[in-house]
Amino acid sequence: MPDVSNRIRRAKPLLGTFVEIEAAGPVRSVVNQAIDAAFEAVATVHRLMSFHAADSDVSRLNREAFDRPVMVHDWTFGVLEASVALHRQSNGIFDIATAPILQTLALLPRFDDDAPVDERTYDAVELLEGQMVRFRQRHVKIDLGGIAKGFAVDQALNVLRGAGRIDSGLVNAGGDLAAFGADCQLVDIRHPREPSRIVGQVKVSNEALASTARRFDLFRSGQTTGSAIIGPGRLPPTNGIDGVTVRAASCMIADALTKIAMISGADSAGLLERYRASALLINADGDVQISPDWQYAVYLAA
Amino acid sequence: MTEWIRYTLPAAAIAAATSPAYAMQYLSIEEAQKQAFPSASHFTELQAGRVWKAEAGGRAVGFFIFDRVVGKHLYIDYAVALTPAGAVHSVEILQYRESYGGEVRSPGWLGQFAGKTSASPLKVNSDIRNIAGATLSSLHVTEGVKKVLATYAGRLK
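Residue numbers (the numbering used here), protein chains in the order written: chain A, 1 to 302; chain B, 1 to 157.
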């Protein structure tokens, strides 16, 4: 029989947010080593997929992938494969090639040699044999900010799961989280308009949860500002949805689906079903909509 | 097509929800020191409660600096481990508190975390809350680490 379980929770600043990793197991030093390795996986995703770092896979693609195919790390390639599939399945609503628009809106930094680009592209990223990637149009720039955080959570959780002598684990990257093990985690869902209030709690067990909302900056004020999510036609979504939480088996898929649900609202039901995901939509009028297969795990504030 | 289940949250019910002020104790200073420098046999305090030299076999293997960033709503204790040459070896968040307005001073809120030390392992599932729905910027910590580097790197021996 195992001794008393050692449960350790640590946090590091990564991916532009605080990444929390918790693990439990019979041997404290083993738990700490597994958490270190899991943080290392998150740091690797950060290095590969940062829009800001000049030597990341994403930056190399943005500089060169129209002129010639560029080889990327298999993790980057995996995220691009999922992104292309989601792009097609959502008829272009999920789009990693919106970086120039986000730059125009000052949501991403502009580099000196970047031409201002306005047009929106469809299917701009071509995936080739041997982890090679090519852009079909000039001036295409990708940003994996809508999916890479979820992928990092999945990778970190895989490290914990594969470490041996770890009974349970949780990785939370600023609200995108995933858990494994016998424990059931309760997660508070903030009200996107009033972050000091919670809408309710969600039970999470051996699955992933991702949330997105209109932006608010806790350092400056509790008030929401515009959304960092750009719908078709370059505009922030105007469907009256303030925030979205999605449950799926993989955090990468949950992360990406929050962006689609934020734009498509209730119309995202079919796509959610195809990815075996569920969602909770928080409407601006205070109403909450929940996928029917997920009610059992959601406790609303009463 | 799937039908969504719709709920209306009365404004009063939302207002009555538990005050979600959060605090999280991660590693203690001692635990973070061991984690950053597993080979160190001794930590010499160079500046009270703030700077330590990690030593192994009489040689410095690095430095450990405790710092705190204070924002409007966030109070974050963190530690930067430096190599003997003064480069960042690791950054670890030690404690995180978030509050809105006066909630941080409410005894009920503080009581939720009283007695939680490294010696009494947290029962995370019941005591400590997971947060979703907001991406907190880690910018202040990143700026703090730069400040720590500017203050200490190259000056510690």
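Calculated directly from the structure, the hints in this document are not laboratory data.
It is possible that some hints are incorrect.
Sample of chain A residues facing chain B (criterion: CB under 10 angstroms; computed from the structure) [said to hold, decoys possible]:
1) His139
2) Gly286
3) Val288
Computed list of chain A residues with no C-beta within reach of chain B, every gap over 10 angstroms [stated by the list, open to error]:
4) Arg9
5) Ala11
6) Lys12
7) Ser56
8) Met71
9) Val84
10) Gly162
11) Leu300
Bear in mind that the values here come from a model prediction, so they are computed numbers and not experimental data.
Note that beta-carbon positions come from the ideal geometry of N, C-alpha and C, so glycine has one too.
TODO: For the hint on A:His139, just tell me whether its beta-carbon gets within less than 10 angstroms of chain B.
DONE: violated (28 angstroms)
Open item on the list: According to the definition I'm using, a residue is off the interface if its beta carbon is farther than 10 angstroms from all beta carbons of the partner; does A:Lys12 meet that for chain B?
Closed with: violated (6 angstroms)
- [ ] Report holds if the minimum CB distance from A:Met71 to chain B is greater than 10 angstroms, and violated otherwise.
- [x] holds (30 angstroms)
TODO: Check the non-interface label on A:Val84: least C-beta distance to chain B beyond 10 angstroms or not.
DONE: Consistent with the label, A:Val84 stays out of reach of chain B, its closest Cβ about 25 angstroms off (over 10 angstroms).
Open item on the list: Min Cβ distance, A:Val288 to chain B: is it shorter than 10 angstroms?
Closed with: holds (5 angstroms)
Task: Given as non-interface: A:Arg9, partner chain B, CB spacing beyond 10 angstroms - done: A:Arg9 not clear of chain B: closest Cβ-Cβ about 6 angstroms, inside 10 angstroms.
Task: Interface exclusion of A:Leu300 relative to chain B, criterion Cβ beyond 10 angstroms - done: Per Cβ check, A:Leu300 is inside 10 angstroms of chain B; nearest 6 angstroms; violated.
Task: Cβ separation check - A:Gly162 to all of chain B, threshold 10 angstroms - done: holds (21 angstroms)
TODO: Report holds if the minimum CB distance from A:Ser56 to chain B is greater than 10 angstroms, and violated otherwise.
DONE: holds (17 angstroms)
Open item on the list: Tell me if the interface restraint on A:Gly286 is satisfied: Cβ within less than 10 angstroms of some Cβ in chain B.
Closed with: Cβ of A:Gly286 sits 5 angstroms from chain B, so the hint holds.
Task: Whether A:Ala11 stays farther than 10 angstroms from all C-beta atoms of chain B, as the label says - done: violated (4 angstroms)
Comparing the model with each numbered hint stated earlier shows that hints 1, 4, 5, 6, 11 do not hold.
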